[in-house]
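*Asks:* Now for the letters of each chain:
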Amino acid sequence: MYIEELTLTNYRNYDKQKVVFDKKINVIIGENAQGKTNLMEAIYVLAFTKSHRTPRDKELIKWDAEYGKIEGRVLKRNQSIPLEVIFSNKGKKAKFNHIEQKRLSEYIGAMNVVMFAPEDLNLVKGSPQERRKFIDMEIGQTQPVYIYHLGQYQRILKERNALLKDLQRKPNADSTMLKVYTDQLIEHASIILERRFQFLQKLRKWAQPIHQGISRGNEQLNIDYDASIDVSEDVNSEKIRIVYEEHFNHIEQKEIDRGTTLVGPHRDDLIFYVNDKNVQTYGSQGQQRTTALSLKLAEIELIFEEVGEYPILLLDDVLSELDDYRQSHLLNTIQGKVQTFVTTTSIDGIAHETISEAEIFTIHEGQLVEER
Amino acid sequence: MYYPEPISKLVDSFTKLPGIGPKTAVRLAFFVLDMKEDDVLDFAKSLVNAKRELTHCSVCGHITDKDPCRICDDSDRDGSIICVVQDPRDVIAMEKMKDYRGKYHVLHGAISPMDGIGPEDINVPSLIERLKDEEVEELILATNPNVEGEATAMYISRLVKPSGIRITRIAHGLPVGGDLEYADEVTLSKALEGRRDL
Ligand SMILES: Nc1ncnc2c1ncn2[C@@H]1O[C@H](COP(=O)(O)OP(=O)(O)OP(=O)(O)O)[C@@H](O)[C@H]1O
Ligand SMILES: [Mg+2]
Ligand SMILES: [Zn+2]
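If you're matching them up, the sequences are chains U and V in order. The numbering used here numbers the first residue of the first sequence as 1 and each following residue consecutively. The numbering used here numbers the first residue of the second sequence as 1 and each following residue consecutively.
So that you can see chain U by itself, here it is in the shape it has in the complex (with noise of 0.2 Å):
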């Protein structure tokens, strides 16, 4: 799939701008603070209603402006539709194909959408919430019903939270509603574990291979899923359930004492190994950077597995900032396939033939330009 053309109107530092994109490779050269990653984001935010940079919807309406648009033509399956996220103080609206679309997981998975930024560093470096924002977006822009038991899932836990916090102050309280959210919790808790483990296999697929060929064949890539229970990741939901059960049940008094949810989804993490060693713990700045590529990449394959369609990679940066030799690794893996935006400051970092072929555009204060 690929974004045929984009519309921003009031959306961060651009007024007004369209642009027609390129299928294949699109750079986007630009100084420091001229909106490069605000394009980036923008087409980010079309995929998902959402910022990669920050949660407070109102940033990305131009300053002084009543209402901020995007509005974009994805080509999927030959088919082009329009899409469209607009923010306002009244909140947000996502369109598609000009309909208003009323609830996320019905939106969410129209395009599709990969963005690997300096920051992803953090998947491998950050804290276990990272790791968790990124399985959970990576199966979600895939399985849109997933999206639904985790909105679900976080609503429970902060009732259920909010309650083990009067238990706490009350000890002798009647806790027949603190087993109701239990039910409640353990039921999307237990699908939301089974998808994650589901995921989670695909990625191993995908990604070790990837990880040994950026490598050069010496590092093997192993991912783990920490989860909050003991339980082997071949099981379905059902097996999962029971898990849960028998665990709840087994700590409630510990909940009630701390006054807060101690197992479930919230509280799980991904550990990854580079030849048997935790990375994130003894892993080099080189080791960290590879592991976070190889994860992007096999997105990519594991969307295209998933949803028959190469999703849209946003390079916000980082092509500079690999080695001759990763850089290559990734445009040879995308080259020809994979609608690709990539930001920097000066091409004069990336050398590759692929960018030989590519649309350039140039940006200034929130102005595009196509070069050629």
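Simulated from the structure, these hints should not be mistaken for laboratory data. This one's a predicted model, so the numbers in the text were calculated from it and none came from an experiment. Hints may contain errors.
[Claimed, not checked] Quick list of in silico lysine to any residue cross-link-like pairs, SDA-like style, CA-CA up to 20 Å:
no., chain 1, residue 1, chain 2, residue 2
1, U, 277, U, 212
2, V, 161, U, 92
3, U, 90, V, 25
4, U, 179, V, 117
5, U, 92, V, 19
6, U, 58, V, 21
7, U, 170, V, 112
8, U, 158, V, 25
9, U, 165, V, 121
10, U, 92, V, 109
11, V, 161, U, 174
12, U, 179, V, 19
13, U, 158, V, 19
For this one, chain U is given, so just place chain V with the ligands on it according to the hints.
*Replies:* Chain V with the ligands alone, transformed into the frame defined by chain U:
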């Protein structure tokens, strides 16, 4: 912007209504100034009367001008079935469908520890009392199909189950008086799949 005090007060009153921002409030206030005096008086009276003359039915909790309400008082209705809803508007919506001949119990909310609302803060205790006094065979739980509504239904179900009363759950498409938040919520598209036993 400076307005004469009576107008400011009127604007301020309008902004207390849901969905009315300052701009709309100003527009409404100026509209009222242009209305005929009789119409304005009627309007003011209706507001006050709606508040003064309506109470909550002491049996079912529905809004009413006489107590017990017309539904509770109607001997043609089947008292062996009680439909539990969150909001008086749900009763009105159900009554429009004209299919249902049982009685109601209006909870006035749903349990939500996050908002500090426990079972005692809504009409759950009065429901339990009612089940002891009346000959009820079936309880239909028609709370909203969101997390809080589901949890409330499950809670009531746990309390009532030992009594042997049949408990069913009705799933409506969109919650009638419910809030449909854009981001995280998807209403279950189980609309009118009938009642399921809990
Ligand atoms: N809501 C907004 N309204 C107007 N301008 C904004 C808004 N949000 C951000 N900006 C401005 O957009 C400019 C460009 O930001 P952007 O992050 O896209 O730069 P960049 O080209 O990626 O730069 P760098 O090379 O440093 O990463 C910033 O100067 C910022 O002040
Ligand atoms: Mg940038
Ligand atoms: Zn009544």
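*Asks:* Evaluate each hint against the coordinates.
*Replies:* Cross-check of the supplied hints:
1. 277/U to 212/U: holds (15 Å)
2. 161/V to 92/U: violated (43 Å)
3. 90/U to 25/V: Holds, at roughly 17 Å.
4. 179/U to 117/V: Judged against 20 Å, a Cα distance of about 17 Å means the pair holds.
5. 92/U to 19/V: Status holds; Cα separation ~16 Å.
6. 58/U to 21/V: Between residue 58/U and residue 21/V the Cα gap is close to 18 Å, so the pair holds against 20 Å.
7. 170/U to 112/V: holds (17 Å)
8. 158/U to 25/V: With a Cα-Cα distance of about 35 Å, the restraint between residue 158/U and residue 25/V is violated, given a limit of 20 Å.
9. 165/U to 121/V: holds (18 Å)
10. 92/U to 109/V: violated (27 Å)
11. 161/V to 174/U: holds (17 Å)
12. 179/U to 19/V: Cα-Cα ~36 Å, so violated.
13. 158/U to 19/V: With Cα atoms ~26 Å apart, residue 158/U and residue 19/V exceed 20 Å; violated.
When held up to the earlier numbered hints, the structure conflicts with 2, 8, 10, 12 and 13 and fits the remainder.
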